[in-house]
Amino acid sequence: MVWQNWFLPHKDTHKKAHLISWEGLVIYILLFILLQVGFSIVGYVEPGVLGIAGNIDQKKLIELTNIERQKKGLPPVSENGALDQAAAAKAQNMFSENYWAHFAPSGKTPWDFILNAGYKFTFAGENLAKNFTSSDAVVKAWMASPTHRDNLLNPKYQDIGIAVAEGNLNGQKTILVVQEFGTASNIAAKPSMEVQGRQITVPEEDLTNKPTLALTVTETRPNTNVLINPYAVSKVAGLSVIFLIAILLTVDVWVLKRRGVFRFTSHNIAHMALLSLAAGSLFMASPGAIL
Amino acid sequence: MILKILSIGILIYLLWALFHHKRNKSLTLPIFLEYLLTAILVLILILGVIY
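Here the protein sequences come in this chain order: S and L. According to the numbering used here, the first sequence is numbered sequentially starting from 1. According to the numbering used here, the second sequence is numbered sequentially starting from 292.
These are calculated hints, taken from the structure and not from any lab test. Just so it is clear, the structure is predicted and the values come from calculations on it, not from any experiment. Worth double-checking, as some hints may not be accurate.
In silico lysine-lysine, DSS-like type, Cα no more than 25 Å apart, as pairs [what the hints assert, rightly or not]: (1) Lys140/S <-> Lys316/L; (2) Lys295/L <-> Lys235/S; (3) Lys15/S <-> Lys313/L; (4) Lys71/S <-> Lys60/S; (5) Lys316/L <-> Lys257/S; (6) Lys156/S <-> Lys72/S.
If we take Cβ atoms under 7 Å as the criterion, some of the chain S residues that face chain L in the derived model are [what the hints assert, rightly or not]: (7) Tyr28; (8) Ile29; (9) Gln36; (10) Asn229; (11) Gly238; (12) Leu256; (13) Arg259; (14) Phe262; (15) Ser266; (16) Ala278; (17) Ser281; (18) Phe283; (19) Ala285.
The beta-carbon is built from N, C-alpha and C at its ideal position, and this holds for glycine as well.
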């Protein structure tokens with residue numbers, strides 16, 4: 001039977017089943033490339049269909065931030081309306097200019113949004129996150145990164161502003177979290193901002209010619225509508241393929257042993273080891289990113 | 292971090308395969324392709340979730 005050759009070693013030649021031979025691997029690779037290309041096309045043609053539905057709460061993020069600070073014996077930061085506005089403006093600007101960075105392609109700096117919101121500061125800092133599904137996961141990711149943790153646990157900060165916004169980034173529905181920290185300026189000091197572990201002194205001209213950003217800030221709350229989650233689809237499809245290959249490799253070893261045949265081929269044990277590592281990585285992988 | 296661990300794993304896997312089959316004088320194109328394509332597949336699967 002020809003179909004058996006796709007799953008079992010060949011009866012006469014003992015050649016590997018097609019689905020675990022190099023020809024089968026080419027098929028899997030092409031299918032996965034096709035899947036990713038398909039996602040890109042859908043994201044381009046129907047922006048907003050693909051994405052992640054999350055449940056991130058702005059108040060919860062502030063609460064979790066203060067819990068982390070209190071654990072280290074630091075004073076809590078208080079929510080500041082101007083910093084909230086700056087964070088919302090930053091999130092909206094990332095969607096409108098379609099970027100994921102601290103500095104906008106148009107040249108806008110993180111402090112432009114803070115100064116524009118009317119918050120004069122001595123020290124400030126910014127943390128970004130995208131595509132997380134819960135407030136806990138966002139703070140956990142920030143705490144796991146040394147530069148973001150330093151920002152979160154900086155004893156100089158007194159105020160905090162957070163925005164959680166949903167919009168389209170690169171054709172995919174994305175949940176952005178912008179966290180702004182600040183210490184209001186009450187002494188004559190040169191203001192500086194902590195961005196990705198770098199202390200940047202705000203240039204004099206940015207203070208004298210305060211930028212005016214024409215942005216209408218509308219707070220958007222992430223909804224929990226069910227969307228096509230491309231990451232979940234890729235994860236399930238990937239784990240299914242790994243599982244299928246692992247079963248076929250095991251069957252291959254068993255069948256050859258029963259037939260009492262030795263075959264010069266690649267080693268199934270080595271493939272299994274790499275596939276186990278891949279399965280573990282896939283299981284733990286998350287689309288959530290911080291900056 | 293995950294990508295770093297997986298990349299090291301893939302590198303060890305490919306180097307081991309090359310040395311082992313070269314030593315056994317069993318390194319043929321289909322065998323090498325099986326290792327290489329498995330490594331590429333694993334990389335594509337993880338990149339599809341991370342990015």
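Note to self: When the structure is checked against the list of hints, which entries are broken? Sort them ascending.
What the structure shows: 1, 10, 12, 13, 14, 18
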